[in-house]
Amino acid sequence: MTSARDEILARVAEAVGREEIDSETEARLTERLHHPPVQLRPQWDDDPVERFVSKLRAVAATVDVVNTAADVAKSIASFLREKDLPSTVTLAPDDRLNAYPWPDVMENSRRNARAEDITAITAAEAGVIETGSLVLRSSLKSPTSMNFLPENHIVILRREQLVNNLEDGWRCALETANNVPRTVNFITGPSKTADVEQTIEYGAHGPRRLHVILLIEG
Amino acid sequence: MKPMSHDFKARSEKALEDPVLQSALKNLGLGFVEARRQCANALPEFEALRDLGRDICDHTLANLDFYLRRYEEKVTEAGGQVHWASTPDDACRIVTDICRNVDAKKVIRGKSMIGEEVGINDALEEAGFETVETDLGEYILQLAKEPPSHIVAPAIHKSKDEISDLFQKHHAVRGLTERQTERSALVQEARQVLREAFVSADVGITGANFLLADTGSNIIVTNEGNGDLTCTLPKVHIVTAAIDKVIPSVDDAMVLLRLLGRSATGQEITAYTTFTTGPKRAEDVDGPEEYHVILVDNGRSTMLGNEFRDMLRCIRCGACMNHCPVYGAIGGHAYGWVYPGPMGSVLTPMMAGLDEAKDLPNACTLNGRCQEVCPVRIPLPKLLRVHRTWQHEFKHNSGMFRFGLGVWAFFAARPAVYQFGTRIAMAVMGALGRRKGVFTRMPLAGGWTQGRDLPTPQGETFQAAWRQKRKGQEQ
Numbered sequence: 427m428t429s430a431r432d433e434i435l436a437r438v439a440e441a442v443g444r445e446e447i448d449s450e451t452e453a454r455l456t457e458r459l460h461h462p463p464v465q466l467r468p469q470w471d472d473d474p475v476e477r478f479v480s481k482l483r484a485v486a487a488t489v490d491v492v493n494t495a496a497d498v499a500k501s502i503a504s505f506l507r508e509k510d511l512p513s514t515v516t517l518a519p520d521d522r523l524n525a526y527p528w529p530d531v532m533e534n535s536r537r538n539a540r541a542e543d544i545t546a547i548t549a550a551e552a553g554v555i556e557t558g559s560l561v562l563r564s565s566l567k568s569p570t571s572m573n574f575l576p577e578n579h580i581v582i583l584r585r586e587q588l589v590n591n592l593e594d595g596w597r598c599a600l601e602t603a604n605n606v607p608r609t610v611n612f613i614t615g616p617s618k619t620a621d622v623e624q625t626i627e628y629g630a631h632g633p634r635r636l637h638v639i640l641l642i643e644g
Numbered sequence: 392m393k394p395m396s397h398d399f400k401a402r403s404e405k406a407l408e409d410p411v412l413q414s415a416l417k418n419l420g421l422g423f424v425e426a427r428r429q430c431a432n433a434l435p436e437f438e439a440l441r442d443l444g445r446d447i448c449d450h451t452l453a454n455l456d457f458y459l460r461r462y463e464e465k466v467t468e469a470g471g472q473v474h475w476a477s478t479p480d481d482a483c484r485i486v487t488d489i490c491r492n493v494d495a496k497k498v499i500r501g502k503s504m505i506g507e508e509v510g511i512n513d514a515l516e517e518a519g520f521e522t523v524e525t526d527l528g529e530y531i532l533q534l535a536k537e538p539p540s541h542i543v544a545p546a547i548h549k550s551k552d553e554i555s556d557l558f559q560k561h562h563a564v565r566g567l568t569e570r571q572t573e574r575s576a577l578v579q580e581a582r583q584v585l586r587e588a589f590v591s592a593d594v595g596i597t598g599a600n601f602l603l604a605d606t607g608s609n610i611i612v613t614n615e616g617n618g619d620l621t622c623t624l625p626k627v628h629i630v631t632a633a634i635d636k637v638i639p640s641v642d643d644a645m646v647l648l649r650l651l652g653r654s655a656t657g658q659e660i661t662a663y664t665t666f667t668t669g670p671k672r673a674e675d676v677d678g679p680e681e682y683h684v685i686l687v688d689n690g691r692s693t694m695l696g697n698e699f700r701d702m703l704r705c706i707r708c709g710a711c712m713n714h715c716p717v718y719g720a721i722g723g724h725a726y727g728w729v730y731p732g733p734m735g736s737v738l739t740p741m742m743a744g745l746d747e748a749k750d751l752p753n754a755c756t757l758n759g760r761c762q763e764v765c766p767v768r769i770p771l772p773k774l775l776r777v778h779r780t781w782q783h784e785f786k787h788n789s790g791m792f793r794f795g796l797g798v799w800a801f802f803a804a805r806p807a808v809y810q811f812g813t814r815i816a817m818a819v820m821g822a823l824g825r826r827k828g829v830f831t832r833m834p835l836a837g838g839w840t841q842g843r844d845l846p847t848p849q850g851e852t853f854q855a856a857w858r859q860k861r862k863g864q865e866q
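In the order they appear, the protein sequences are chains A and B. In terms of my numbering, the first sequence opens at residue 427 and continues consecutively. In terms of my numbering, the second sequence opens at residue 392 and continues consecutively.
Worth flagging that the hints you see were computed from the coordinates, not collected in a lab. These figures come from a predicted structure and were not determined experimentally. Ideal Cβ positions, reconstructed from N, Cα and C, are used throughout, including at glycine. Treat each hint with caution, since some may be false.
Which bits of chain B does chain A cover? Going by a derived footprint, with three or more residues having C-beta under 8 Å, they are [claimed, not checked]:
{"hint": "1", "region": "410-424"}
{"hint": "2", "region": "476-486"}
{"hint": "3", "region": "519-528"}
{"hint": "4", "region": "713-721"}
{"hint": "5", "region": "780-790"}
{"hint": "6", "region": "847-856"}
Here are some chain B residues the structure puts well away from chain A; computed CB gaps all over 10 Å [unchecked claim]:
{"hint": "7", "residue": "Q429"}
{"hint": "8", "residue": "V578"}
{"hint": "9", "residue": "F666"}
{"hint": "10", "residue": "T693"}
Pulled out of the complex, with its shape left as it was, chain A reads as follows (with noise of 0.2 Å):
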């Protein structure tokens, strides 16, 4: 009995005029795929931070670029006390996010998020200048649920961290990671959507507020 795989692939490849593929074709497509051919990418003349900032804000995202470390901790009690949000925090359990001095007043938790979490803070693997994308990927320091359950999602990223276009944010996120991750997030803006008589509304499933804080320098 044959099984739907191979009716499938056989159909397949009648289709495409071959019923094996030769070495040579295999070889050529082989190589492709080790060494994909560079496509044309958008390319621009704007400064690289003011861009990526730019981009973020356009879809609603709020941008803080900041100097040094302690101001990470200052961007994140204002934004909490603007939108009026308790000083109850979730911190990714990421080594990354100890360069921050976390003041008193904050009560954090390092854990990955729980359904009834208001506002989680994790770390980039990368800032993509070409769409003001943020890249995440999943790990034991950054579990993929801290981006998608609280209502707000801060995001800290460095200077050095932003590339140019997405292809360059994917290899960031394999880089760290010894093999492809489960997950690789790349996350544009708050959670939104058009559903209602097409018209914007955001915190849909995921975050209602995106935050990103970049850090030039320190």
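For this one, chain A is given, so just place chain B on it according to the hints.
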């Protein structure tokens, strides 16, 4: 979903008289069409990317045997399982079997057109699983027991009032008895109700915008983030995808992603673009324990080998329907199945039956706007003409139509007789209609003149007028 495409004419008439639908369709033109135009104009590389997108898809389709095998290998390496389904029934059986094997009770779904195509929800409910759609538009339609009317914005035909009524009726059992009338309150209420489903579901089913052969990854794009919660929180993640979703590598994916958001909603990129590969790793604290992919054929391998291969480039952006004057007049439900608009008029006959959907390829003015905006340059008008040719060859069109076409063909193949005939006809019509200036009724064309008047011809044929003009120029 049972195709209702044979009822196209009656459904179109109903749609034309539906005020809620007509107002939604007017907004569609203002919204998606304008957003796409601005977004495409803002990217100088857009046209070159369209060529590249077409070439990437063509390359993949020409080598689909290789890429499917490689994709399967990579998914298996990552700890996932690939299942193959020739038919919608096979796909549904595989999905329900997986759900049964893990003792699932609640199954949640992220919006996917292949899920609609194979009828996953009905199959799951029949098998006794509680099934919840998590995309807000799809959730609204699940409550209303209606199919989607647009492939990107499924509930585009629903008014806020209708949604308020639906929520009040269905959420009362949860203690949410107040009728919400503000958009934000409706979205908030759905968030609250669906959050419960996310945290309690056993299985999450998503579609795939693309599958990557080089890594075995699955890509989904959403704005709501529902797809991400669907594939992160439940202990099993099932991906349902058609065999034509496979592309070689991440570099190819980025080209197509740049086209997809811009063409669909006028976004450079959607809020969430997510790559998932296999089940959670040993060190991960969240993510599914099991990862399954169901690769569905459902007629695609046949299309790969015939005139319809180009259609398999489709990345499901919906630009063709957004720009289609016919879709813009009647909306998606009139088409009677899962895929509406130009892409639906090509696909539905192939999947639901040539005879079932014979009206769809004819509901097209061949104005060509769909082809002008298609991000991967699918020659949709040409493919619709192929359907028309097939209908004639397989005798799926009416005897009267065939007779009329035969009469016309007889004359068209004999230019001298044709010109003589038209000259007489124009002269007679010009003389008969001179006084009124229009014909309000015509024998054999009652359907045409029912909705409009035919202006009286000037008395001579175009060819005669042309010859006269040329003569004048030569002198």
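Right, here's what the structure says about each hint:
no. : hint    : verdict
1   : 410-424 : holds (count 4)
2   : 476-486 : holds (count 3)
3   : 519-528 : holds (count 4)
4   : 713-721 : violated (count 0)
5   : 780-790 : violated (count 0)
6   : 847-856 : violated (count 0)
7   : Q429    : holds (12 Å)
8   : V578    : violated (4 Å)
9   : F666    : violated (4 Å)
10  : T693    : violated (7 Å)
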